[in-house]
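Number of protein chains: 2
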Amino acid sequence: MLNGITIVKPEEIEKRSMEIITAELGGRTWPEEEALVVKRCIHTAADFDYADNLVFSEGAVKLAKEAVMAGASIVTDTSMAAAGINKKALARWGGRVHCFMADESVAAEAKEKGVTRASICMERGAGIPGPVIFAVGNAPTALIRLYEMIREGTVHPALIIGVPVGFVNVVESKELILTAPVPYIVARGRKGGSNIAAAICNGILYQCGR
Amino acid sequence: MLNGITIVKPEEIEKRSMEIITAELGGRTWPEEEALVVKRCIHTAADFDYADNLVFSEGAVKLAKEAVMAGASIVTDTSMAAAGINKKALARWGGRVHCFMADESVAAEAKEKGVTRASICMERGAGIPGPVIFAVGNAPTALIRLYEMIREGTVHPALIIGVPVGFVNVVESKELILTAPVPYIVARGRKGGSNIAAAICNGILYQCGR
Numbered sequence: 011m012l013n014g015i016t017i018v019k020p021e022e023i024e025k026r027s028m029e030i031i032t033a034e035l036g037g038r039t040w041p042e043e044e045a046l047v048v049k050r051c052i053h054t055a056a057d058f059d060y061a062d063n064l065v066f067s068e069g070a071v072k073l074a075k076e077a078v079m080a081g082a083s084i085v086t087d088t089s090m091a092a093a094g095i096n097k098k099a100l101a102r103w104g105g106r107v108h109c110f111m112a113d114e115s116v117a118a119e120a121k122e123k124g125v126t127r128a129s130i131c132m133e134r135g136a137g138i139p140g141p142v143i144f145a146v147g148n149a150p151t152a153l154i155r156l157y158e159m160i161r162e163g164t165v166h167p168a169l170i171i172g173v174p175v176g177f178v179n180v181v182e183s184k185e186l187i188l189t190a191p192v193p194y195i196v197a198r199g200r201k202g203g204s205n206i207a208a209a210i211c212n213g214i215l216y217q218c219g220r
Numbered sequence: 011m012l013n014g015i016t017i018v019k020p021e022e023i024e025k026r027s028m029e030i031i032t033a034e035l036g037g038r039t040w041p042e043e044e045a046l047v048v049k050r051c052i053h054t055a056a057d058f059d060y061a062d063n064l065v066f067s068e069g070a071v072k073l074a075k076e077a078v079m080a081g082a083s084i085v086t087d088t089s090m091a092a093a094g095i096n097k098k099a100l101a102r103w104g105g106r107v108h109c110f111m112a113d114e115s116v117a118a119e120a121k122e123k124g125v126t127r128a129s130i131c132m133e134r135g136a137g138i139p140g141p142v143i144f145a146v147g148n149a150p151t152a153l154i155r156l157y158e159m160i161r162e163g164t165v166h167p168a169l170i171i172g173v174p175v176g177f178v179n180v181v182e183s184k185e186l187i188l189t190a191p192v193p194y195i196v197a198r199g200r201k202g203g204s205n206i207a208a209a210i211c212n213g214i215l216y217q218c219g220r
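Top line first, the protein sequences correspond to chains H and Z.
Per the numbering used here, the first sequence starts with residue 11, numbered consecutively.
Per the numbering used here, the second sequence starts with residue 11, numbered consecutively.
Quick caveat, the hints were computed from the structure, so don't treat them as lab data.
Take these hints with a grain of salt, some might be off.
Which residues of chain H face chain Z? A partial, calculated answer using Cβ under 10 Å [to be verified]:
no., residue
1, THR16
2, LEU35
3, SER89
4, ALA91
5, THR164
6, ASN179
7, GLY202
Quick reminder that beta carbons are idealized off the backbone N, C-alpha and C, glycines included.
Okay, chain H solo, but in the shape it has when bound:
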């Protein structure tokens, strides 16, 4: 083959990748449910920093799986994360992915209230019946609004995936979620993103029913 490349079947690539990741993690271990999420993030970004920066509230993955299997919706703040979440795996349990960022009514309301579209999107998400997982890969203001609504008692997230990426207010907004009395999975520090938000969702979805 070209350049010494041996073609590996698509279904085997993920298996081999996970073996490589496990080997390079050395002796590091997590509870099985968390390990699957940590490794999927590392796999998604080829970045072992996720072994150090991911923080899980007690039983977060277990609770998230239960929510998914009870038909939870996933609300996300970016169309990229929405594109990356395995919607078939979620639909199997009755859930749907929602991203309200491109809705014109969201833009109008945000402008009128002088807040970000991401905050309005979280408010829309809070209005969805049944359990809701909030997967935030971009906007610190989404996490800040969720925190406020939790304190007001106007939202009861089944899980907050708090993984915005960046340099302004990102670290602080994630630290805020670490103090919230709800299940969370947070990537501390600057790193994260839509790809990580989707990877965490998929890492949960692929464990459901097992």
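Based on these hints, arrange chain Z on the given structure of chain H.
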């Protein structure tokens, strides 16, 4: 404000982020057109490794801008990258984003030929009239097929963005593109992804017309 967070207007966040990135890069410099792409990748992943791993063929960004302004299409191997590329900015010059990965006919042809869907997608991309930028954020086999087609003379990419992420054949497929006689932007090593593919596209698009 909560937790010492001062809300920053959305339009200022990117400006401040870029200032922070520039400061943390210290004295490192690139030609202006490349710097804008490097910094956008760092911004997207909060990962300064992109300062070291991005490789540009001679004049790649300049050539890519010319292609976009001549109406180039962008072909990508993931729906996440397609979601992340600024389609309005591309449409301004007449171009469209194509991702054929979910087409049933692509799946059928891939199965029949015993190749990956990503390879077939690149073949479909080669059939698009006018200049085409190939943005590969996931599949090493997409880069391998592009390399083969370049050698066969059946594709003449305006640019290859070679940034698949992962642990199996990823490094090798990117090294292959570095030997191809076409314009390229490649993230050497394991890192990359759909988010980086989209960031590079947007880093080019936001320079067009300037």
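Status of the hints after comparison with the structure:
no.	hint	verdict
1	THR16	8 Å, holds
2	LEU35	12 Å, violated
3	SER89	4 Å, holds
4	ALA91	8 Å, holds
5	THR164	16 Å, violated
6	ASN179	5 Å, holds
7	GLY202	7 Å, holds
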